[in-house]
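Asks: Residues per chain, in single letters:
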Amino acid sequence: MRLSRREFLKLVATMGATAFVMNHKAEIVKALEEVKDYWHICWLNGASCTGCTISFAQAADPDIIEILTGITVGNSKLPIALPDYMETIHPASGWLAEHLKERWKRGSKGKRILIVEGAIQKPGYCMIGGKDFREHVKEAAEYADHIIAFGACACFGGIPSSRPNPSGAMGLQEFLKEIGRYDLAEKVVNIPCCPGHPDHLIITLTSVMLGIELELDEHNRPRIFFGKNMHYALCPYRPHYDMGIFTTKPGEEGCRYKFGCKGPEVRTDCALRKWNNHVSYCVQVGAPCIGCAEPGFPDRFLPFYVPVTNERPFFRLDPIDLGIISVGAVTAGIVRKKIKKNGGDQL
Amino acid sequence: MKVVVDPVTRIEGHLRIEMDLKEITTDTGKLYIVGEARSAGMLFRGFEIFLKGKDPRDAFFFTQRICGVCPAAHAEASNQALDIAFNAVPVPPAATLIRNIIQCAYYIYDHMIHTYLLVGPELGILCKHPPMIPPVLGKDGMTKLGLGSSYAKCIEIQRKANEIIALWGGKFPHHACGYPGGVTVKPTSERISGTVVRAVEIWEFIAKTMIRDIQAIIQASETVGEKISEILGIDVRGLEDIGVGTGYFLSYGMLPDPENYDDWLKIAYGEKGRRTSAVIHAGAWDGNFKDFDLNKIQEFVKYSWYSDEYSGKKPNEEETIPLMSKPGAYSWIKAPRYDGKVYEVGPLARMINTFGLKWRIPRVHPITGEDLGDFVYEVRNPKGSVLDRVVARVANTLICANKLIEYAKMLVEYKDSSICNYKDVPDEGEGFGLYEAPRGALLHYLKIKNKVIERYQCVVPSTWNLSPRDDMGQPGPVETSLQCGTTWLPTMDVPSVCSAIWGKDYGDLLRRALTPLGLAELNMEPVNGRKFNTTIALLIVRSFDPCIACAVHLIER
Numbered sequence: 001m002r003l004s005r006r007e008f009l010k011l012v013a014t015m016g017a018t019a020f021v022m023n024h025k026a027e028i029v030k031a032l033e034e035v036k037d038y039w040h041i042c043w044l045n046g047a048s049c050t051g052c053t054i055s056f057a058q059a060a061d062p063d064i065i066e067i068l069t070g071i072t073v074g075n076s077k078l079p080i081a082l083p084d085y086m087e088t089i090h091p092a093s094g095w096l097a098e099h100l101k102e103r104w105k106r107g108s109k110g111k112r113i114l115i116v117e118g119a120i121q122k123p124g125y126c127m128i129g130g131k132d133f134r135e136h137v138k139e140a141a142e143y144a145d146h147i148i149a150f151g152a153c154a155c156f157g158g159i160p161s162s163r164p165n166p167s168g169a170m171g172l173q174e175f176l177k178e179i180g181r182y183d184l185a186e187k188v189v190n191i192p193c194c195p196g197h198p199d200h201l202i203i204t205l206t207s208v209m210l211g212i213e214l215e216l217d218e219h220n221r222p223r224i225f226f227g228k229n230m231h232y233a234l235c236p237y238r239p240h241y242d243m244g245i246f247t248t249k250p251g252e253e254g255c256r257y258k259f260g261c262k263g264p265e266v267r268t269d270c271a272l273r274k275w276n277n278h279v280s281y282c283v284q285v286g287a288p289c290i291g292c293a294e295p296g297f298p299d300r301f302l303p304f305y306v307p308v309t310n311e312r313p314f315f316r317l318d319p320i321d322l323g324i325i326s327v328g329a330v331t332a333g334i335v336r337k338k339i340k341k342n343g344g345d346q347l
Numbered sequence: 001m002k003v004v005v006d007p008v009t010r011i012e013g014h015l016r017i018e019m020d021l022k023e024i025t026t027d028t029g030k031l032y033i034v035g036e037a038r039s040a041g042m043l044f045r046g047f048e049i050f051l052k053g054k055d056p057r058d059a060f061f062f063t064q065r066i067c068g069v070c071p072a073a074h075a076e077a078s079n080q081a082l083d084i085a086f087n088a089v090p091v092p093p094a095a096t097l098i099r100n101i102i103q104c105a106y107y108i109y110d111h112m113i114h115t116y117l118l119v120g121p122e123l124g125i126l127c128k129h130p131p132m133i134p135p136v137l138g139k140d141g142m143t144k145l146g147l148g149s150s151y152a153k154c155i156e157i158q159r160k161a162n163e164i165i166a167l168w169g170g171k172f173p174h175h176a177c178g179y180p181g182g183v184t185v186k187p188t189s190e191r192i193s194g195t196v197v198r199a200v201e202i203w204e205f206i207a208k209t210m211i212r213d214i215q216a217i218i219q220a221s222e223t224v225g226e227k228i229s230e231i232l233g234i235d236v237r238g239l240e241d242i243g244v245g246t247g248y249f250l251s252y253g254m255l256p257d258p259e260n261y262d263d264w265l266k267i268a269y270g271e272k273g274r275r276t277s278a279v280i281h282a283g284a285w286d287g288n289f290k291d292f293d294l295n296k297i298q299e300f301v302k303y304s305w306y307s308d309e310y311s312g313k314k315p316n317e318e319e320t321i322p323l324m325s326k327p328g329a330y331s332w333i334k335a336p337r338y339d340g341k342v343y344e345v346g347p348l349a350r351m352i353n354t355f356g357l358k359w360r361i362p363r364v365h366p367i368t369g370e371d372l373g374d375f376v377y378e379v380r381n382p383k384g385s386v387l388d389r390v391v392a393r394v395a396n397t398l399i400c401a402n403k404l405i406e407y408a409k410m411l412v413e414y415k416d417s418s419i420c421n422y423k424d425v426p427d428e429g430e431g432f433g434l435y436e437a438p439r440g441a442l443l444h445y446l447k448i449k450n451k452v453i454e455r456y457q458c459v460v461p462s463t464w465n466l467s468p469r470d471d472m473g474q475p476g477p478v479e480t481s482l483q484c485g486t487t488w489l490p491t492m493d494v495p496s497v498c499s500a501i502w503g504k505d506y507g508d509l510l511r512r513a514l515t516p517l518g519l520a521e522l523n524m525e526p527v528n529g530r531k532f533n534t535t536i537a538l539l540i541v542r543s544f545d546p547c548i549a550c551a552v553h554l555i556e557r
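Protein chains in written order, with my numbering: chain A, 1 to 347; chain B, 1 to 557.
Hints are computed from structural coordinates only; laboratory data are not their basis.
Note that beta-carbon positions come from the ideal geometry of N, C-alpha and C, so glycine has one too.
Wrong hints could be hidden among the right ones.
Stated by the list, open to error - Partial list, computed: chain A residues near chain B (C-beta under 10 Å): (1) K274; (2) A287; (3) P288.
Same shape as in the complex, but just chain A (with noise of 0.2 Å):
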């Protein structure tokens, strides 16, 4: 079977991504082979652990090894997304390394992807190869023709973001806006979680390949993977709530809601997908979920083992936090009307 990019689009709609990769998998490789262009990845690590990495290693159809070896362009011999540049994996290091990254830049236009792993910080926090982390990110993103944030890092700020937020680490997009660059901002797609899930990664990296546009929410997330919210539409445990069993102890059967499971305020499909080929989740080894997939985590989700309608963090606030939203309410609103101006879509 050739799927062609209407039907692929059509199927990841209609079955759920995550049956579709389990049950499609030779397809998308076909799908991939039929690109006819190499393809220059940008992987690029800020502020990060490097765990959205290991994650993406834990892809499994198709593996990473096959992505990177075994698709390859027509007869070039060439993988067809061998990244340019990869800090964690890559075979180059120092001089050639960033020389790399430059013939990255020179790739054919429209086929530049740039994949940010970590937060962005303040100036002088983060060095690579004697130049700051954010120069690196601006200058990639100059060039790039689509922009991956991948991890709620790269997307939101996440664990290094935390107050006092100690290096002023931030996302991607918010750090794009705050240089001006509202029209790059605008281009990045957000995948987040703490790791990103390498499904979704995989997905919309071929979903780029074949020109299919994802429909991105609100904090521009692909829909498919965070339309759904957790507790009310997906969760197993959720019979569990609805007799009133809940889990307050290690051990204890039940729903985690009153063992701080943030589900109910959290969109993503970790119920449906799992991960590590979708073996298992953190509600299902009794742990609560703790919100990686939202913006503000972790602050919003803490403390993490307290439900959520108990001393919610926002009546928390102090004056300075009040100030904070805002400024960032009327510069929300400043956003939006100047992509409105440039035809784009609403943020």
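Based on these hints, arrange chain B on the given structure of chain A.
Replies: Chain B alone, transformed into the frame defined by chain A:
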């Protein structure tokens, strides 16, 4: 003249290495080696600052995010500090078994990734062992030349190991099942059998393929040594004379005995000891087995971007104030020392502190009982070297593969027993978590006041290994290894060096493989119009498995 490698890739995080070029003259002519070397961590995030004031139980989740390559080790060290601070010890045997299973699976993934994906490419290329050379010629090269067969298989097997962590912990990286006093996950038959099925396949890869690969490297190392000696006119036996360390080795021990948890706890309360009931022992080897003593750890900051005020303090006493413009400093990494001396941590330190200088690890198939013969190794260089470090990592992996199945079988008897010694969050408390991360000795310290974290601190393995000079001027372990006198910086490129060692055919093959990928000048660093080959230097740095996200963090009062 100075050679700078920045960024050092195929490690975790952002590392910069600076090496002064030293010209020496031997029988064969003039050549360049590394004189002085400096290693510098280039990313700072500030974990201990934002842990302050949070619910102590959140530390389990937060500290894993220090590093996504070794999150499970931080999880365990944090959990053990919490167990003690909550007075929730001893941990029930079922919980210890589950934690041990997670740690074994996680070590297997981590050591395998490092052996094949991170340090492996240079080893494979230099030692002409095709299964460890990355699959640079794609599928074709893999089937015709066997290029990258183990490299590719490693990706599949590490994924299976991580599936075991996900069975118990929900996902990897960043698992979710830890809780002060135990775990949240129950030992069901489904999880136990899911573990065993995967563990057998993993065991076979390690006991057969991985051991075969490392034996090939050990053997090839002799040829590499002979040829390098000929070319350089200096005496090098092999990779055991490259990257020679300090000879001091520190370990905190790993995989506690579930039935003897009290012995495990002693050193965390400040008693001297070696945790001999555990699979891997604690200790401070200095040529002989020595008891570990928590009170002998100090951290120095003369050459780090922090205020000198608290330099030389113990982990639970010190405070750290970042000073980005401090003159003379060159790294975000601090310099921890044990008894004032430079100790190396990591797999080699674990093996030596447990077994001494000669190791014998059984290879009996866990299901069929077939005996593949013990894996025996005698440490080639008691000061530590590239070869000894990579062999120790493989030996450690085999131990974990053996133990993984054993623990899963043991757990069957604990199916209905308690998984958590549950305690409410205390008003006050403190505790040390001392565990081994794959990269070496890992310390977490936590102090609770008014039910929230008052102080949190980690002293992590890469801080030990990648540390800059200390206040006494002693270089860190990686710096010592780089300037040990045999770090050759050839002006020939990688294929030419390989031609010189293994013949022209092999060099040509490498050139054909690397050129279309834009990698013909792999590891060549330009200095004043000339280029120097940093392959050996990088091999030394990577033999320590650096993890910079871990190495850099900060404490605040």
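Asks: None of the hints should be skipped; say for each whether it holds.
Replies: Evaluation of the provided hints:
For A:K274, the interface hint holds, since its Cβ comes within 10 Å of a Cβ in chain B; the closest pair sits about 8 Å apart. Among the interface hints, the one on A:A287 holds; its C-beta lies about 4 Å from the nearest C-beta in chain B, closer than the 10 Å criterion. Restraint check, A:P288 versus chain B: the minimum CB separation of about 8 Å is within 10 Å; hint holds.
The earlier numbered hints are all upheld by this structure, with none contradicted.
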